[in-house]
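Protein chains in written order, with this note's numbering: chain A, 1 to 302; chain B, 1 to 302; chain C, 1 to 302; chain D, 1 to 302.
These aren't lab readings, by the way, just hints derived from the structure by calculation.
One or more hints might be untrue.
Note that identical chains are pooled: a pair holds if it fits in a single copy or bridges any two copies.
[As the list claims (entries may be wrong)] Pairs of lysine-lysine residues, derived as DSS-like cross-links and limited to a Cα-Cα distance of at most 25 angstroms, are as follows:
1) K67 <-> K168
2) K35 <-> K67
3) K241 <-> K35
4) K301 <-> K168
5) K301 <-> K67
4 protein chains.
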Amino acid sequence: MPLTPDQIAEIEDQRATPQPTLRAVSEGMEAHLYKAHEVLDHGFVRVIDYMGNDAAICQAARVSYGKGTKSVQNDAGLIRYLMRHWHSTPFEMCEIKLHVKLPVFVARQWIRHRTANVNEYSARYSILDREFYTPAPEHVNAQSVVNNQGRGAVLEGEEAARVLETLKGDANRAYDNYEAMISDEGQAGLARELARMNLPTSIYTQWYWKVDLHNLFHFLRLRADHHAQYEIRVYADAICKVVADWVPAAYGAFEDYRMGGENMSATAMECVRRMLKGEDVTQENSGMSAGEWREFEGVLKG
Amino acid sequence: MPLTPDQIAEIEDQRATPQPTLRAVSEGMEAHLYKAHEVLDHGFVRVIDYMGNDAAICQAARVSYGKGTKSVQNDAGLIRYLMRHWHSTPFEMCEIKLHVKLPVFVARQWIRHRTANVNEYSARYSILDREFYTPAPEHVNAQSVVNNQGRGAVLEGEEAARVLETLKGDANRAYDNYEAMISDEGQAGLARELARMNLPTSIYTQWYWKVDLHNLFHFLRLRADHHAQYEIRVYADAICKVVADWVPAAYGAFEDYRMGGENMSATAMECVRRMLKGEDVTQENSGMSAGEWREFEGVLKG
Amino acid sequence: MPLTPDQIAEIEDQRATPQPTLRAVSEGMEAHLYKAHEVLDHGFVRVIDYMGNDAAICQAARVSYGKGTKSVQNDAGLIRYLMRHWHSTPFEMCEIKLHVKLPVFVARQWIRHRTANVNEYSARYSILDREFYTPAPEHVNAQSVVNNQGRGAVLEGEEAARVLETLKGDANRAYDNYEAMISDEGQAGLARELARMNLPTSIYTQWYWKVDLHNLFHFLRLRADHHAQYEIRVYADAICKVVADWVPAAYGAFEDYRMGGENMSATAMECVRRMLKGEDVTQENSGMSAGEWREFEGVLKG
Amino acid sequence: MPLTPDQIAEIEDQRATPQPTLRAVSEGMEAHLYKAHEVLDHGFVRVIDYMGNDAAICQAARVSYGKGTKSVQNDAGLIRYLMRHWHSTPFEMCEIKLHVKLPVFVARQWIRHRTANVNEYSARYSILDREFYTPAPEHVNAQSVVNNQGRGAVLEGEEAARVLETLKGDANRAYDNYEAMISDEGQAGLARELARMNLPTSIYTQWYWKVDLHNLFHFLRLRADHHAQYEIRVYADAICKVVADWVPAAYGAFEDYRMGGENMSATAMECVRRMLKGEDVTQENSGMSAGEWREFEGVLKG
């Protein structure tokens, strides 16, 4: 469990006293505020704040003086239209702020999404905790033999045991030495900004991350995708659940047009058209490479 | 007055029913929500939503589990420290959404600030209103003779009257013809996306504009500055008042370090040091050009 | 013709003297440098500078020490793979700088693409030229009756003539008065930053616009699309031709996967799958709204 | 030395054959192209490409048809004016692409600058080399006792030796185990995307990093500053030297106004004014906190 009793008390304290506001409220999101959704062995995602809801998307799209919302059904239709026609700015009018605890190697992938605001826990200023990611046995996989940047089958038996032991052993030794180097007992004590470089990227860090809904959808499409590394995908999955409660209409449109949708090339569309006319289309006459054709077949199978 | 009775009613409706929230609240900002602060002859600035407050800046800077705030005094000190040392990310953790009505030529300057989200009223989709900016007589100035991109003395007498008459006459004629061209009475009616190009940039447009506090401060520093054109400066001034009520500690630090502060070159600092030692520093021995020296003297006078 | 003899001479001067460089060169692009590609009645697009070529995309993707390119065929395959799997960063490694002359109402759409660098001609500092966009008769259309933000049939006869006369007349009168107001003969002369607001948005402005290839592709996909207003689409089309000569492999992949490709929703893909199994899918049993179904049928027709 | 003979050969190959170009050329930069400037024990900075030069900054500021440059002196004056008055867009018209090899903990600070393009070597796809940063003895410091996020005195004697031994020992053990886990001899071999998390953040990574001059200056001001961690400062210093050769006028202005300049608060300026009038200003009557006053005194001393 990632939280200490003190931290739990702080969170409960924040949930204890609602205050009146005139702002747009999302009831689904109020239920999530501050709570820690556990991810991996020591990580979490917590909603710290949010701005807007489904109605706010429509209000901005209509540049309206009042609520800008008509009926819920009408709003959902507008949101689907906006998503279908790549109108990104109304979705940018919603914003979310998360507190995330995550392994450093996951943080390194995550930060590549630049259109967001981040405050990370400083290992120059503070001492890191002894918390490292150790995969559950069912997530310790071999290198994929078909995909150079993916995983293959789950490791089994002695090899799996050896891997887990190695990861734990090295992480703990590195942390023991980190502590020993920064200690000021009987020595000066190494600067924290230097000592931290002894720690493996399986160590947990944490940050506040703030992003607008449009850019969050972009993040989720790439990181909740099955090509993404498992360890970041579980964070994306946890965020998806939160977003579905926050802006149900927008999330529904996102699921249909982006997450579950397919980007078909001109070549692929031409093949679909020929197939619908009854033509027998094969890789050889498709105009696609072997790799593209394999992906195309996968898409048609669904 | 820029609002119709219907619009006023919509705004009052939005202010009528506070709802409970667990989010950070700024009481100073709740008082502003939805209200129109009038700017120029038909424009306004309205706060539609906000995220965060002074405490949220500290909470993010400390990456904390709870409120992250210690005492109000302690927080103000941290905020000043962050501002002084150019820590921009904690300020990015606050966000504001405004509804702004403004002349097109002002909108064209404003949009140059790219790190913001915008939804503008569409003149392809909708018909623009007959509302043009006409400067008040005390803001009708001659071209500056010292600054190629500024204003000089206020125009007087017949010339001033002629200018105002011209601006009003041309705007109204352009709008009459805009209406005549898009009318579908007895004709097909020109497409709105074409007809709009007949309108001068004094016409009012409106948009929803959302920005984080760090980037808003950057905007305000440049646009509330006396070098900025008067017509955008009055918008920046109106926003400054709102921000001072929203995040008083951050705004105070901004006023001291940015708005009222000075960026001194290495050369200028060296001159200050020599002056403090009692040396007689002149433009000739300062290492500055005539223009820089003039600005430097202005800064020392305050 | 949008250029004066002096301007033509300056351009020829810039094309006169090649210099040696060790940087990546695109021969297709060298042929375009500085030349004005005419767009609309007074506008143009000119390439001022570029960084990178197809090989540079691969070099960055491979983070290589040398050229990073293998064979042209191998590179093209890698580029297609990157485009298909939404790897955007290698495309960001190419950059283009354009000088564009365009009507203000087009500039206002263009600037909404924020991930780019812009220096616009300053109407606070300088006097604008008497150049306004007047559509060719075949581009003077009625408001669309099916699409609220589009054009319908071409206007004919007297109505068309009246529109063109109105546009020209109002533009010229506005410019005459602009000149009269800023004149310092026998009067102080109105500040340019004020006088310009009398001018309609059909007036031409110009800017330097710099963007990376990934963001340029995004711009082109939206603005070379048939939903875009004709007057910006012709600029996008002109840029497409330049890009095809600059990075032929990347442009080819862009055409196949983005420009000519289709984004199919999960619902639409499910319909395709059912159709391929021989099922009779109609709007009623498709799960799509009438509007979506109409678009879907259009996509299947190609 | 960070480069293998093969890599050196690839670099020499790229420098061997200049090609003609019509683009703006910076001779100072041509001399740097592709060469590795060594940083730390295994790192480097290499210029891969650049766009623009001092003249291009002026050309964009003037939105000119030709070279846009007048005299070198005139250009330098314009550049100083632009820098002094915070005109950022002309500097954005220059672009640089670097290949950087750097420790992961440095990369994690670096990437916080979001307005840049990055392609990093993928440890999901490829195997990392056995190269770790080990500080030179004179850069192994104790934690600062005055600054929570800085270094104090250099460590000496046994403690220093112990630290270096620990860092080397842990890094090598972690790498041995990394190799053992991914090996497919006699076992399946752990996926690279998992095995990498055993490696400490002292390991070297590399990336292509592309940024415009305005944002590069911002990076350099923060990272070449004495508050920055030594290990990133040496990269910033290496880049400063390159930029000084690329755009000497812009770099000179940057040094004077930003790098060597001071941002004085309104309070600090008021103190300077009082001092210049001969008043005895102390912390008590300055309006500054103890910390601010200490920094202020440092600035006045120079």
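So, going through the hints one by one against the coordinates:
1. Proximity of K67 and K168 under a CA criterion of 25 angstroms is satisfied in neither setting, with 54 angstroms inside one chain copy and 34 angstroms between copies.
2. Proximity of K35 to K67 under the C-alpha cut-off of 25 angstroms is restricted to the inter-copy arrangement: shortest distance 13 angstroms between copies versus 29 angstroms within a copy.
3. Taking the closest pair of Cα atoms, K241 and K35 come within 25 angstroms of each other only inside a single copy of the chain (13 angstroms); across copies the shortest separation is 35 angstroms, beyond that limit.
4. In this assembly of identical chains, the alpha carbons of K301 and K168 never lie at most 25 angstroms apart, being 41 angstroms within a copy and 52 angstroms across copies at closest.
5. In this homomeric assembly, K301 and K67 never come within 25 angstroms of each other (Cα to Cα): the closest approach is 43 angstroms inside a single copy and 40 angstroms across copies.
This entry does not satisfy hints 1, 4 and 5, going by the numbered hints stated previously.
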